[in-house]
Amino acid sequence: MAEFNTSVNDKGEISVVSLKGFLDAHTANVLENTFSNLLEENKYKIVVNFEDLSYISSAGLGVFMAFIEKVRENGGDIKLTSMSDKVFNIFDLLGFPLLYEIFKSEDEAINKFKE
Amino acid sequence: MIFNFQRLFKNLKLQAFLGIGGILLFFRLFVNADGSLPLMIISDLLVLITAAALIIFLIESLNSMTLNPLSLVMNVGILNVILFCLITFSGSIFKLFFDNVSERIQNPGVLLYLAVFVYSFIIIGCMSYIFMVFKELYFLRQKRNVNVYFNTMIVFIFLASVTYILKDYPELSFIKNTFIIITIILIVINSLKISWIAFIVKKEKISLLILSVVISVLFVVNLINSTDSNLHSKIIYSFSPALSQLTTIIMLYGAIYFGILFFTVLFHLPTAEAFDRKAQEVSSLQYFSKLITEVLDFNDLADTITEIAVKLCNAHASWIVMKDDSDLKTIANKNIGFVDANLLNQFIFRSEKREKRYNTFFMKLEKFDGIEKLSEKYSNLAIAPLIAHNELKGYLVAAKKNELLFDEEDKNALDTFSDYASVAIENSRLLEESIEKERLEKELDVAREIQRKILPNKNPAIDNLNISSVFIPAFEVGGDYFDFFDLENGKFGFIIADVSGKGISAAFVMAEIKGIFESLTKVYESPKEILVKANNILKRTLDRKTFVSAAYGLIDFKSEVLKLSRAGHCPIILVRDGNVENIRPTGIGLGLNFSSKFVDSMEEIEIKLKENDTFVLFTDGITEAKNVDLEDFGDHHFERVLLESINENVDGIANKVMREITEFTKNTAQHDDITLVILKWKSAHNKGGEKI
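Chains as they are written, first to last, in my numbering: chain A, 1 to 115; chain B, 1 to 692.
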């Protein structure tokens, strides 16, 4: 089974979650836990960095849907950055760009929060 | 009439004792045996039989209890002290009530006689109990059948006692002396049978050592006292010479037995520890075999482990802490509440360092600041790590209350036992896992069955449209769905969809989707409208992380137009005139958004159909099919294959695609459902011409 892990870096009040590996039905719970922990700490400004993510399945996309409502209710957002073309294509097909802000780089996303 | 013979028999023993005692009293009160040897012998016999009846009764009633040799020895010690007091103070007590006891004893009145009788019976009671203890100790842990020695000894004790009366006849005293000598020899031989001391632990051996020397000395003192011509010996002798001899013999037996016991225990002490360890191993093995039988149920197993742990080190409470990812979970708490156990866990594992220990370790709770929060006064803990496959799985914790300490023996016992326990826990977990796996496979069978029944079992045969479809379910069922709707007014609808996630939940959503589209297509025509309505319906049932990508198309055979909308699904590929075109109207996946954004994003496009237009519907199981290097089959590869085979009929194209995918993915497992639907437009004009 392919590996997947997340790491969280706090940049001011913004939490940057970096994903690595394969995000599918089997590893989705890892990301779920990461988000749950952030929400427990009342961290609602979240940037997700996809730079090292090799693959995302529909179950992986579902994780974002599970949390976005609560995050936005609390005045925060989940912004997505640094996707490979392949990963972006998956998001794009499903219409995610209409629902999420997707940026080329992490800094852009962070700056957007600071505005 | 039914007789409970066993009960009667048991009562008989008590009745026999009381009966014989009564006869004895009657005999002694009303028959003057003085000077008559036969009558005195009868009287002695009656005394001995009374003692025998009492011993048998005592043995019977003792058998119903579990025997601890040390407590038996202790009892003998207490009786000895009582005997000592009786022998020493009997004279003074008798003198309080009766004058000139020494003289009158030869010819007592009724009252004095009754006093003598009661006194003698107390002595008989003490002697019977002591003798009973000897008998029990003798047969304790004896492996061979050694009845013969003991029974012979009993016979000679009896003979020696009875013939004691002959001491007044010097010419016959050799008989008595012979019997006594043989009795003593037999006593010595029988006193050597003390293998039971090997089976008691070191601590008990030390107490036994002290007890045996004290008791042995007491026996000697009592022996000397009772052979003195004090009032005690006079009373007993006047009551029954045989009893006086029996008393002497039993005290002698006691002195010899406990003397030998003392020295044997003394010599056993240095090896006691090694023996203890061996015995420990043996009992651990017994526990282990018990654990093996419990392995089928993890909870039972855990309960048994804590139960044994409590017994093993005389702890008050025990529980297991299992490592669950980074969390510690309390299970199988024995004699302790979850709250207390969790409080103690926090204390034990407050620093990471504790978790690196691989041997049993002790902890005192005096430094635990939450100690007053505990409902019981736990004071000491012993913690044994549970390790399987070199990996720490958890801990077995035992707790003692009231300042009681754990010692090295407890540590060794826990060390050994926790090894066994770890193996048993690991086995149980593996078993549970494989059962769970089997259950999951059954569940997947159900999901596959649902999927198979939902998908169309054959392709519709339509004049202007050639249709081929391939569906290959993955081992873990995905939520692929496709369907065709032959509508009224010369129209034809088709759908392809993919539910996010896998397994039985995806299969259920898929079933729901089928129901939704079956009904919506009967009422609405517009693909956009149908997808928007479907999204609204799904809002009520889908959980937030589940969504469905779908594409719906409607072909109007009269106007030769395809209307198409897409909700987050892969593009529809159109192969026309040797070119590949990805048809990708905008649209968000079903279940991702329920606002006007969804409606606004949804496009509906129209395509005027041309002869041999080939529409390829698929799910990402095709483009994301992986080879051994985890590379995707990919869009380009897919398009190339389609172009290469485009001149074949629809089944031919589908076969070619599937062959390519099979070739590409060989030696890897299929990780998602594969769905491929190919529609080829055959213009009505051509068809019409052929037909007519």
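FYI, nobody ran anything at the bench for these hints, they're computed from the structure.
Even for Gly, the Cβ is constructed at its ideal location relative to N, Cα and C.
Do not rely on the hints blindly, as some may be mistaken.
Here are the computed distance ranges between Cβ atoms for each label pair [said to hold, decoys possible]: (1) G75(A) with E443(B): 48 to 54 Å; (2) E73(A) with T293(B): 28 to 34 Å; (3) D52(A) with H636(B): 50 to 56 Å; (4) N582(B) with N37(A): 37 to 43 Å; (5) E101(A) with I454(B): 33 to 39 Å.
Coverage of chain B stretches by chain A, computed from C-beta distances (three or more under 8 Å per stretch; other residues unrestricted) [said to hold, decoys possible]: (6) 151-161; (7) 251-261; (8) 544-550.
The list that follows gives simulated cross-link-like pairs (lysine-lysine, PhoX-like), each with its CA atoms no further than 25 Å apart [claimed, not checked]: (9) K442(B) with K453(B); (10) K43(A) with K278(B); (11) K278(B) with K311(B); (12) K86(A) with K666(B); (13) K70(A) with K558(B); (14) K86(A) with K545(B); (15) K311(B) with K20(A); (16) K682(B) with K70(A).
Outcome of the hint check:
Restraint check, G75(A) to E443(B): a C-beta distance of roughly 41 Å breaks the suggested window 48 to 54 Å. At about 54 Å, the CB distance of E73(A) to T293(B) disagrees with the hint of 28 to 34 Å. Taken as a hint, the range 50 to 56 Å is violated for the pair D52(A) and H636(B), whose Cβ atoms sit roughly 24 Å apart. For N582(B) and N37(A), the Cβ-Cβ distance of about 40 Å falls inside the hinted range of 37 to 43 Å, so the restraint holds.
Distance hint check: the CB atoms of E101(A) and I454(B) are about 37 Å apart, consistent with the given range 33 to 39 Å. Note: the segment 151-161 of chain B has 0 residues with beta-carbon separation from chain A under 8 Å; the three-residue rule is not met and the coverage is violated. Under the rule that three or more residues need a Cβ within less than 8 Å of chain A, the assignment of the segment 251-261 of chain B is violated, with 0 such residues. Check on the segment 544-550 of chain B: 5 of its residues sit with their Cβ under 8 Å from a Cβ of chain A, so the three-residue criterion for coverage holds.
Simply put, K442(B) and K453(B) have alpha-carbon atoms about 17 Å apart, close enough for the 25 Å limit, and the pair holds. For a cut-off of 25 Å, the pair hint linking K43(A) to K278(B) is broken: about 60 Å separates their Cα positions. Taking the CA atoms of K278(B) and K311(B), the gap is about 18 Å. The hint holds against a cut of 25 Å. Only pairs whose Cα atoms come within 25 Å are accepted, and K86(A) paired with K666(B) is accepted, the gap being roughly 23 Å.
At most 25 Å may separate the alpha-carbon atoms for a hinted pair to count; K70(A) and K558(B) exceed this at roughly 49 Å. Under the criterion of a C-alpha separation no larger than 25 Å, the hint pairing K86(A) with K545(B) is consistent with the structure, at around 21 Å. Distance check on the hinted pair: K311(B) and K20(A) sit about 50 Å apart at the alpha-carbon level, beyond 25 Å; violated. With a C-alpha separation of about 51 Å, the suggested pairing of K682(B) with K70(A) is violated against the 25 Å cut-off.
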